[in-house]
Amino acid sequence: MYRSEFTGIASSEDTVVSVSLGQGARGLRGTVLRVGAEDGDTCSEAAIELERRLLEIGFVEGASVEIIHEGFIRRDPIAVRLDDMRVALRRRDAAAIMVRVAAPDSGGVI
Amino acid sequence: MSGALAVPARIALVGNPNCGKTTLFNLLTGANQHVGNWPGVTVEQRRGVASVHGVKASVVDLPGVYSLLGGGGTDQAVAREFLLDANVDLVLNIVDASNLERHLALTAELLETGKPLVLVLNMVDEAKAQGLEPRTADLSAALGVPVVPMVARTGRGKQDLLNALGDALKAPPQPAPIRYPEAVEDALGTLSEALGEGGDARRRFGALRLLDGAAEAPSSAVRELLGTVRARVAAATDEEAADLLADARFGWAHALAGHAMRRGGRVGSRQRVTDALDRIALHDWLGVPLFLLVLYLVFVVSFSGGNIFLDFFDQASAALLINGVGHALYEVGLPAWFVSVIAGGLGGGLNLVISFIPPIGLTFLFLALLDDSGYMARAAYAMDRLMRRLGLPGNALVPMVIGFGCNVPAIMGSRIVEDPRGRMLTVLMQPFMSCSARLTIYMAFAVVFFRSDGGQVVFLLYVLGILVALLTAWLLGKTAVRGEALPFVMELPPYRLPSVQSVLVQSWQRLKVFMFRVGRVIAVIGLVLFILPGIGWTSKGLQSTDINHSLLAQGSRALVPLFEPMGIKQDNWPAVSGLIAGAAAKEIVIGTLNGIYQRQNAADLMEAYRDPDIGAQLRDAAKTIPANALTFITTLNDPLGLSDLGSKQAAEVASGADSATLKAIAAGFTPLSAFAYLVFVLLYVPCASTMGALRREVGWGWMVFSTLYGIGLGWGAGTLIYQVGTFAQHPQSSWMWIAGIGVAFALLVAGLRLYGNRQQGSGGSLLGATS
Chain A
1 MYRSEFTGIA SSEDTVVSVS LGQGARGLRG TVLRVGAEDG DTCSEAAIEL
51 ERRLLEIGFV EGASVEIIHE GFIRRDPIAV RLDDMRVALR RRDAAAIMVR
101 VAAPDSGGVI
Chain B
111 MSGALAVPAR IALVGNPNCG KTTLFNLLTG ANQHVGNWPG VTVEQRRGVA
161 SVHGVKASVV DLPGVYSLLG GGGTDQAVAR EFLLDANVDL VLNIVDASNL
211 ERHLALTAEL LETGKPLVLV LNMVDEAKAQ GLEPRTADLS AALGVPVVPM
261 VARTGRGKQD LLNALGDALK APPQPAPIRY PEAVEDALGT LSEALGEGGD
311 ARRRFGALRL LDGAAEAPSS AVRELLGTVR ARVAAATDEE AADLLADARF
361 GWAHALAGHA MRRGGRVGSR QRVTDALDRI ALHDWLGVPL FLLVLYLVFV
411 VSFSGGNIFL DFFDQASAAL LINGVGHALY EVGLPAWFVS VIAGGLGGGL
461 NLVISFIPPI GLTFLFLALL DDSGYMARAA YAMDRLMRRL GLPGNALVPM
511 VIGFGCNVPA IMGSRIVEDP RGRMLTVLMQ PFMSCSARLT IYMAFAVVFF
561 RSDGGQVVFL LYVLGILVAL LTAWLLGKTA VRGEALPFVM ELPPYRLPSV
611 QSVLVQSWQR LKVFMFRVGR VIAVIGLVLF ILPGIGWTSK GLQSTDINHS
661 LLAQGSRALV PLFEPMGIKQ DNWPAVSGLI AGAAAKEIVI GTLNGIYQRQ
711 NAADLMEAYR DPDIGAQLRD AAKTIPANAL TFITTLNDPL GLSDLGSKQA
761 AEVASGADSA TLKAIAAGFT PLSAFAYLVF VLLYVPCAST MGALRREVGW
811 GWMVFSTLYG IGLGWGAGTL IYQVGTFAQH PQSSWMWIAG IGVAFALLVA
861 GLRLYGNRQQ GSGGSLLGAT S
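In order, the protein sequence lines correspond to chains A and B.
For what it's worth, this note's numbering labels the leading residue of the first sequence as 1, then goes sequentially.
For what it's worth, this note's numbering labels the leading residue of the second sequence as 111, then goes sequentially.
Derived from the structure by calculation, the hints contain no laboratory data.
C-beta: ideal position from N, C-alpha, C; glycine also.
Misleading hints may appear alongside valid ones.
Ranges of calculated distance between the beta carbons of each label pair, as one might list FRET restraints [said to hold, decoys possible]:
| id | chain 1 | residue 1 | chain 2 | residue 2 | range |
| --- | --- | --- | --- | --- | --- |
| 1 | A | Arg100 | B | Gly146 | 28 to 34 Å |
| 2 | A | Arg100 | B | Glu349 | 16 to 22 Å |
| 3 | B | Ala141 | A | Ser64 | 39 to 45 Å |
| 4 | A | Ser64 | B | Glu243 | 18 to 24 Å |
| 5 | A | Ser64 | B | Ala252 | 22 to 28 Å |
| 6 | B | Glu349 | A | Ser64 | 20 to 26 Å |
| 7 | A | Ser64 | B | Trp584 | 35 to 41 Å |
| 8 | A | Arg100 | B | Leu403 | 47 to 53 Å |
| 9 | B | Ala252 | A | Arg100 | 18 to 24 Å |
| 10 | B | Arg630 | A | Arg100 | 37 to 43 Å |
| 11 | B | Pro328 | A | Arg100 | 36 to 42 Å |
If we strip away everything but chain A, and leave its shape as in the complex, we get (with noise of 0.2 Å):
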């Protein structure tokens, strides 16, 4: 449901980059904006409910993440480090993650 609303990168200027998680490659690093729809967007409760999971396990503004694994088939899920731990999701839920790009050579997207 997120997919549609964040398909590609979104770039205000020529350094900062933004990018869903979800469609980042291996490799790809940066810190959160931000997780899940607009403020003012009507969405489902299962959409409300991964925001609130992401947000407990450390999907917080500011936070850095980087692509550290993806996997074998469809390249899903990924491999996802965050601050200083691990964190394992499919692309689908990691679509709900806005993330700026911190180097433009820092991996693209899929």
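Place chain B on chain A using the hints.
Relative to the frame of chain A, chain B by itself:
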């Protein structure tokens, strides 16, 4: 359990998953534990008794949670209700020192419960290895509660913790909750007044959850009020109330963690080790084979390794419980029928339970080891993609493989699946995995009918079991147990050397449940099965008879017509007796066939009670250990022992059937009916122990469903095989049978759909109500 006369103090142990909570619980309570379920849900509840300076205190291990506010998870609801409702004297909050900021987010919520609190700063060794220096005194001063640095895994700091607990129980430390911005506090005050029920802390917590959006408003009046106060907060601060709450908590945790931890800046060796190991365990395509290899090893070592001691446990307990008890009762001069019922029936049942202990205990041990080391989370990651299609998380595969050894630990091990729906499906899959007891039956038949193709036939049966298990999960997931799979977001904890004490205590607790809860069922059914072949309905009423006229024989003869469509003829009634016995335990199918085919009767047993040489029997039992150890080492590469099928003699030994029995089997079956019989054996009633485990995990209703479903599926599959195989002889009746099975299956699917619709329509969760 308590030695004191007064009600013992109640301590609730709370923490995130993977913070060493269970290890600390085991450290505090030792073997003094009770494992059960939280009322109404299949979330494991562990209680124990800790001795705090000679005073007993009851410790409850709450499920590991990241937050208490959320609405969804059963774990959270259980922990929240317990903390707010029950008579909790002290909250023991354990946090990971190497990950302090995130763990303090839960502490912030715990402060809102208004309970006295003691904070354990666990894994300070890991924090130091990462270059983090905790300032315990500063943290304690800032929180207003005692803070105890510990390494729960090694027991370091235990004495300090006991001191702190002792002091805190005498003079409860009252921490101050975090202050939210003024507008938010006003809103919380208004809301908690509107929530009429419960104490102050409960109402404030309710108000927090409402404002946070984590809970539904209990009434339309409150819903309206919620809208008003939210608007008021938004007007005053220009921000959403929920955002302000989260910001306040995370900001508090961030500031406190920064204040209490000095960062040295080195990357810890544990992080490097974890990264290195993960490069293999989470590798694109190595992850899956590695997982299969690990499971294969667990399987081989648990069941082949367990077999080293199985004969010892079996023979030694038989010597003591059957012959020893029988001899003692006989000497006292009790009547023969009583002696044989107690010794042969009850003793025999207990003997069966005890002989299971080595493989099941080892399985639990390895499961605890994998769990404690941190690998289980990697297994879930590696297998996630394959299991997702069935709506199951990756780690649902672990119990299935354990199921090859024994369905009981598999069903109990299904608890590693977190989401209730996935766990339910995982549990219901297990009875179709070919356990090692079924293997004894396969072996006996394979020797007689399939000789050189025996290996393939046995393998086929294993594959059939897996397919039926997957089909079951898929079918139920689409019909009766519908629902969204939970999002898969899981922490991958750093690898740790498992704590010996924690692993031992954990596996012992599981084994205890097996022995006492499940064992009771086995012992009772063993008793019934002992009596049935010995008594019969005669003209003079119920009397002891020989086996041919026994209730077992009479019942079996009456049931044979049901099995005729799968090729069992009237004079082969012992085959049906074997099935009846197999409903108790698959191990005794061949034993029952032995007994009946050889016309053995109780008189022989009485002979054994007269003058048993128990010492010699125990010595013989002990001798099986080195002999089996040698066999284990030589057969490491062939855990199923399929190569044995090449030599008839070895296979006879492996299946435990005597040659006379094998000859009788050969006379009673054709290869086709034998295969149909084996398929039925694979799928029908899981054994009594498995039914006991099913009842425990998913409740009576689903246990009955699983049993009937298995019988129906087994009968359908067996009949289908026999009728298709003999189609040419009687095409017309075969067509009828095949069509009938098709119709029955369609009805089953329709019924399951209807059930699922009704569950969804009523909005009731079938997952919550399980006991």
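Hint says 28 to 34 Å; check whether the CB-CB distance for Arg100 (chain A) and Gly146 (chain B) agrees.
-> Between Arg100 (chain A) and Gly146 (chain B), where Cβ atoms are some 47 Å apart, the hint is violated.
18 to 24 Å as the expected CB spacing between Arg100 (chain A) and Ala252 (chain B), which holds or is violated = violated, 31 Å
Do Pro328 (chain B) and Arg100 (chain A) keep their Cβ atoms within the hinted range of 36 to 42 Å?
-> holds, 40 Å
Outcome of range test on Cβ distance (Ser64 (chain A), Ala252 (chain B); 22 to 28 Å) | holds, 25 Å
Taking the beta carbons of Arg100 (chain A) and Glu349 (chain B), is their distance inside 16 to 22 Å?
-> The hinted range 16 to 22 Å holds for Arg100 (chain A) and Glu349 (chain B), with Cβ atoms some 21 Å apart.
With 39 to 45 Å as the target window, see if Ala141 (chain B) and Ser64 (chain A) comply at their CB atoms.
-> For Ala141 (chain B) and Ser64 (chain A) the Cβ distance comes to about 43 Å; the hint holds.
In this structure, is the beta-carbon distance linking Arg630 (chain B) and Arg100 (chain A) contained in 37 to 43 Å?
-> violated, 60 Å
When you take the CB atoms of Arg100 (chain A) and Leu403 (chain B), is the distance between them in 47 to 53 Å?
-> Violated, since Arg100 (chain A) and Leu403 (chain B) (Cβ atoms, about 40 Å apart) do not stay within the stated range.
Using the Cβ atoms, figure out if Glu349 (chain B) sits within 20 to 26 Å of Ser64 (chain A).
-> holds, 25 Å
Do the Cβ positions of Ser64 (chain A) and Trp584 (chain B) conform to the proposed distance bound of 35 to 41 Å?
-> holds, 40 Å
Given the range 18 to 24 Å, decide if the beta-carbon distance of Ser64 (chain A) to Glu243 (chain B) lies inside it.
-> At roughly 22 Å between Cβ atoms, Glu243 (chain B) and Ser64 (chain A) fall inside 18 to 24 Å, so the hint holds.
Hint compliance for this structure: hints 1, 8, 9 and 10 are broken, all remaining hints hold.
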